[in-house]
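Sequence lines, in order, name chains D and B. Residue 0 is where the first sequence starts when you use numbering that gives the first Met the number 0, and the numbers rise one by one after that. Residue 0 is where the second sequence starts when you use numbering that gives the first Met the number 0, and the numbers rise one by one after that.
It should be emphasised that the hints constitute simulated quantities derived from the structure, not laboratory data. Please read these numbers as outputs of a predicted model, since none were measured by experiment. Honestly, I wouldn't trust all of these hints.
[What the hints assert, rightly or not] As a list, the in silico DSS-like pairs of lysine-lysine whose alpha-carbon atoms are at most 30 Å apart:
id, chain 1, residue 1, chain 2, residue 2
1, D, K43, B, K195
2, D, K222, B, K202
3, D, K199, D, K320
4, B, K63, B, K41
5, D, K90, D, K260
6, D, K43, B, K18
7, B, K19, D, K221
8, B, K195, D, K39
9, D, K199, B, K195
10, B, K41, D, K267
11, B, K18, D, K221
12, D, K199, B, K63
13, B, K18, D, K222
14, D, K199, B, K202
15, D, K199, D, K221
16, D, K222, D, K320
17, D, K199, D, K222
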Amino acid sequence: MSGLGTNTAGKEMVNLQVVENICEPKDERLERILREHIDKHRRKAALADRAFTAATWSIAAVGLGILGFVIAAIFVRGLGTALDPGFLFGKPQAIKEGGGIGPMVASSFYLALLTVALVVPVGVGAAVYMSEFARESRAARLVRFGADSLSAVPSVVFGIFGMVLFVVYFGLGYSLLAGALTLTLLNLPTVMRTSEEALKAVPASYREASLALGATRWETVKKVVLPSAVPGITTGAVLAMGRIVGESAAVIYTVGIFVRKIPVSPLKPAAPMAAHIWHTYTEGALVSDWMRIANGEAAFLLLLVLALNLAARLAARLLAKKTGTVKESG
Amino acid sequence: MKRQGGSALEGIDREWIVKKTMLVMAMMTVLGILLIIFFVAKESMPAFTKAGPANLFSSTWDPKSGRYGMLIFFTGTITTTVGGLLLGTPLAIGSALFLTQMAPRRVRSFFARGVELLAGVPSIVLGWLGFTVMVPWLRSATNSQGTGVLAASIILAIMVLPTITAISKDALEAVPRTYIDASLAMGATRWQTVRKVLIPAAKPGLLVAVILGMGRAIGETMAVALVIGPATAYPTSLTSPTHTLTTKILMEMGESTGVQRSALFAMGLVLLLLSMAMIMLVRMVTRQRKEAA
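Just chain D, same shape as in the assembly (with noise of 0.2 Å):
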């Protein structure tokens, strides 16, 4: 939609010709007024043009400042320490010095392998029944509301709930497992929604012709649909990873916010860095270099999440590559 004309003169040349073939015969005095009326209204109009144009202009430079910003003061502050191996790996200290947050980052892939692992068939699942099965059902009205509702609920009440309901009710306490279960609602309309659009981008022809060889509509979907899905699909779960990794408030009452050892079964506590940040931040006071550990954790944090938003895109399109199939656009 670029490259819109900047026609300013067309609209009052019209009136103009207008008003002289009504003011006949030709009176000079009143075409010079009307001409210098007609002038200033169409300068007027090329000036607020102007203006608009400067002024989108500024507000997207704005835009890619913030966001400029936000990275360059996240990463001046914190990847130094970030990149430390011995920070990394290291491991937490809760009154001296010089800890590092090993457990944390093995905490938040471990609880983002979990979620996917339970998130992604279920919505890819739900996506097949909305894209291939369910078409316009009054069902299908029924889950897209369900998945509004659910995608609008804030993600702290998630966290609330999913104690309830999780740690305490199914009796799993603080832990991994239950963090993972509280996420998987969370990220469920998201996960089913690219998957959706995944589906929805594969070919009419392809099904057409499958169903037409005499394959039934799971076979069709299983042998056709889906393979030719699996970049939209993955983009879609990747990104999802992002999200679990960066979400804190809905971690924090399920999972935990401190631990001083690599978390080995899903029934145990764990302190994903997102939340441990908060916990950082809370008892700050505790360990002298708090500060430090937090500039570190939330650049490697932050790192992490543009890492895998890049992900996201390659692996698209290279699976899309290598399958020959369709695109992910975008």
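Let chain D serve as the given structure and place chain B on it in line with the hints.
Coordinates of chain B only, in the frame set by chain D:
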């Protein structure tokens, strides 16, 4: 034994089973939202029965003397949300106009990618940046402690920016190209076209964008928690610290029991109702648009 069944019948059965399995997975969304409403409502019941609605919707929060009023936090949520939207919306809609009307092709994809990246920045990271960089600035610039409504509004503006930009962009792109061409052919300038044709035509979509941005701002927790103060008091100025519903829940859920804990769940219920109201609003606006078309 089962193997002996006719293969055609078996095929149909499998189709049926698969379809129902997929349906169950899809229904997880409905089940999820129902479970959330049920459990949050259930946990907030004691607050309604033991403290009573009059107590809950009052201005005094003092659990030691049995006062569980949430109005301060509700006000904090509304104030910071409005502040964030006032700062963020012009920026976001301007960005969407830039993306759809102004940007040369190459700049456009670069800018769109930037907006996506901003959406991906974790809220705790943004909050940490606000706490370590922005709050000290505001402290010296406004001669106050730096935390509070203004700080929270700025952070929220950054958080809603990508949401509103993305949805506004879709709304602007949905306006038929012929409308714009017609306006230009009449001799209107680009700005006249945007103001008189494009924005009126895209209005419902832009409204949806702002409503969804509002929902995001109301529910935002971590980024606000690090810059809001906090203080259990009504905000009296832009720089006065306060609390929002989300930050109060976050900071007190860990160490509260009994009615106090239940009152925090009641705040969660209010948040749930607010987010549901947003969804209803969006549905109303989009339905109107469909009927108008």
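To see whether the hints hold, each was checked on the structure:
Simply put, K43/D and K195/B have alpha-carbon atoms about 16 Å apart, close enough for the 30 Å limit, and the pair holds. Only pairs whose Cα atoms come within 30 Å are accepted, and K222/D paired with K202/B is rejected, the gap being roughly 43 Å. At roughly 19 Å between alpha-carbon atoms, K199/D and K320/D fall within 30 Å of each other, so this suggested pair holds. The hinted pair formed by K63/B and K41/B meets the criterion: a straight-line CA distance of about 23 Å does not exceed 30 Å.
This hinted pair checks out: K90/D and K260/D have alpha carbons roughly 7 Å apart, not beyond 30 Å. In summary, the hint linking K43/D to K18/B is not supported, as the alpha carbons are separated by about 63 Å, beyond the 30 Å threshold. Between K19/B and K221/D the CA atoms are separated by roughly 15 Å; this keeps the pair inside 30 Å, and the hint holds. In summary, the hint linking K195/B to K39/D is supported, as the alpha carbons are separated by about 20 Å, within the 30 Å threshold.
With a C-alpha separation of about 35 Å, the suggested pairing of K199/D with K195/B is violated against the 30 Å cut-off. Proposed proximity of K41/B and K267/D is supported: the alpha carbons are some 27 Å apart, at most 30 Å. At roughly 12 Å between alpha-carbon atoms, K18/B and K221/D fall within 30 Å of each other, so this suggested pair holds. A distance of roughly 56 Å separates the Cα atoms of K199/D and K63/B; the hinted pair therefore is violated under the 30 Å criterion.
Taking the CA atoms of K18/B and K222/D, the gap is about 16 Å. The hint holds against a cut of 30 Å. At roughly 28 Å between alpha-carbon atoms, K199/D and K202/B fall within 30 Å of each other, so this suggested pair holds. With a C-alpha separation of about 15 Å, the suggested pair K199/D and K221/D falls inside the 30 Å cut-off, and the hint holds. Taking the CA atoms of K222/D and K320/D, the gap is near 19 Å; set against the 30 Å cutoff, the hint holds.
This hinted pair checks out: K199/D and K222/D have alpha carbons roughly 16 Å apart, not beyond 30 Å.
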